[in-house]
Amino acid sequence: MNHVTKDAEATHEEATMYSAAAGNSNPSVVPKKEAARNADGNYNILFVTTDQERYFSEFPEGTNYKARQLLAELGTTFEKHYVCANVSTSSRSVIYTGTHVTNTEMLDNTDLPWQGAMDESLVTVGDRMRDAGYYTAYKGKWHMGDASILSDEAQLTDLEGYGFADWGGVDRLGKVCEGFEADPEIISEAVTWLDSTGKRLNADGRSFFLAVNLINPHDIMNYDITGYKSEFLKLGGKPESEVYDKAYSDPPPASWDFDLNAPDVPEALRIYQNHWGLLTGTINDKAVWKDYQDYYYNCIQDNDNSLMELLNYLTNSGMLDNTIIVFTSDHGEMHGSHGLKGKGGFLYDYNIHVPLYIVHPDYEGGEAVSAITSHMDLAPTFVDMANVPDEQKEKIAGDLAGDSMLKLMNGAETSIRDGSLFCFEMLSFISMRLSVDESGNKVSSLDTSARGIVRGIVTDRYKFVRYFSPIGFNTPTTIEELLSHNDIQLF
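Each residue of the sequence shown is one higher than the one before, starting from 1 at the first, in the working numbering.
Where hints are given, some of them may not hold.
[As the list claims (entries may be wrong)] Beta-carbon label-pair distances, calculated as ranges: (1) 121 / 448: 25 to 35 angstroms; (2) 448 / 181: 34 to 44 angstroms; (3) 434 / 476: 26 to 36 angstroms; (4) 243 / 484: 48 to 58 angstroms; (5) 483 / 309: 52 to 62 angstroms.
[Stated by the list, open to error] Okay, derived cross-link-like pairs now, DSS-like style, lysine-lysine, Cα gap no bigger than 30 angstroms in a straight line: (6) 393 / 80; (7) 286 / 175; (8) 290 / 246; (9) 246 / 286.
Don't read these hints as lab results, they were simulated from the structure.
Ideal Cβ positions, reconstructed from N, Cα and C, are used throughout, including at glycine.
Could you build all of it, start to finish, from the sequences and the hints given here?
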């Protein structure tokens, strides 16, 4: 890639022209003529996450993802960015602490009775950025609090214990059409915050770190068109909105009819298929997979339309000139690849390969990084974006195992890691067996012998996965031990 810096005026002019082309009716902001950093020497940081969005090397034909296209044009696309855990709670704990789930102990979603809230003693991105001088705030989905208190009777009201202000006290854990309903609300909350608190902070000479956590395309999880009646999860159809009426020419993944019963397929994948099928139904027909995929693409489109409102605000307010934007997702979605839907404990690309864009006022847009990066690298990258001495950065983030992705943007390094590690320990996906007894009661039990706990690694050449049981943790030192105590995939 070319490592070219650009001035704030060029940044603002590019975005204003694009915003006008995208249908923004008020792109009438005079570009700045001076350096764009705030008085404290920092840029603001806007961190946007979506839920369940896989990476696309090219967007599907017929989609109109203007916001994502704008991020790519103004920023740097990281082409090989991987999650380190699944699903929402586990992955978000990695994102917001910079450590693996073996450290955060967020092994399952907080909806489950055995998974409590994330320990407030863990040092979060919010804590670290406060140490770097930023005002830190949070909007949207959290999903790392104790689900037992996320009810109408007793809501979690703030995230101060995790290093973030101004949350708003409403979590979203996944319901039918929740992204369709909530994403515009979250964007509105973010814009209101930027227009009031954000502007005030900048006027007072202080920079902010604002995390905006959106829902879609997570709505795909609760989507059903087959009439399946789940005893364990509420399902539904698509919203009454023209955004969801569009069909695409893109066919389902070629592996939609993958034989999960083949002898070389690990048992963990069949366990996942059975579990997910019980929750949401199974799909065995190509036309149904096509409809499922169309809905997924439309969930992204709906989300993109909301995201564009946020980018339009940054453009029109002039904040694009003094704000770094980082965009990613917590995990992917299979939508038919290898005959699977959803997300889980396996290393197929649709599952763990997610988008990452970094728009930085100091760097030319339209660039790409092909080196492997992971969610472990987000926290150290945020700290590296701060305008503080290297000694202070080391004090703030020196304990983290990840590395700054700015080294890849500025040309200091061509690679910051040999591969990306993936850990998965969700008992709800691995060991929990759901059924309904003769009286119609829901019954669950645990099969601790099932090999579904995952340690996997992604490199430029290979993916290697080993599956073992909750009562069979092992550290093999020989090939014989590896094959004896683990199910293996290498591809």
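**OP:** For the pair we were handed, residue 286 and residue 175, check the Cα-Cα distance against 30 angstroms.
**Re:** Distance of about 26 angstroms is within 30 angstroms: holds.
**OP:** Mind checking the hinted window 48 to 58 angstroms against the Cβ distance between residue 243 and residue 484?
**Re:** holds, 52 angstroms
Subject >> Given pair status - residue 246, residue 290, alpha carbons within 30 angstroms >> reply: holds, 12 angstroms
Subject >> Range hint 34 to 44 angstroms (beta carbons of residue 448 and residue 181) holds or violated >> reply: holds, 38 angstroms
Original post:
If you check the beta carbons of residue 434 and residue 476, does the distance land in 26 to 36 angstroms?
Top reply: holds, 32 angstroms
Subject >> residue 246 paired with residue 286 [C-alpha distance capped at 30 angstroms] >> reply: holds, 18 angstroms
Original post:
Can the restraint linking residue 393 and residue 80 be considered satisfied, given a maximum Cα separation of 30 angstroms?
Top reply: holds, 26 angstroms
Original post:
Taking the CB of residue 483 and the CB of residue 309, does the distance hold inside 52 to 62 angstroms?
Top reply: This hint holds: roughly 53 angstroms between Cβ atoms.
Subject >> Supplied distance hint 25 to 35 angstroms, evaluated on CB atoms of residue 121 and residue 448 >> reply: Since residue 121 and residue 448 have Cβ atoms about 29 angstroms apart, the given range 25 to 35 angstroms holds.
Checked against the numbered hints above, the structure violates none of them.
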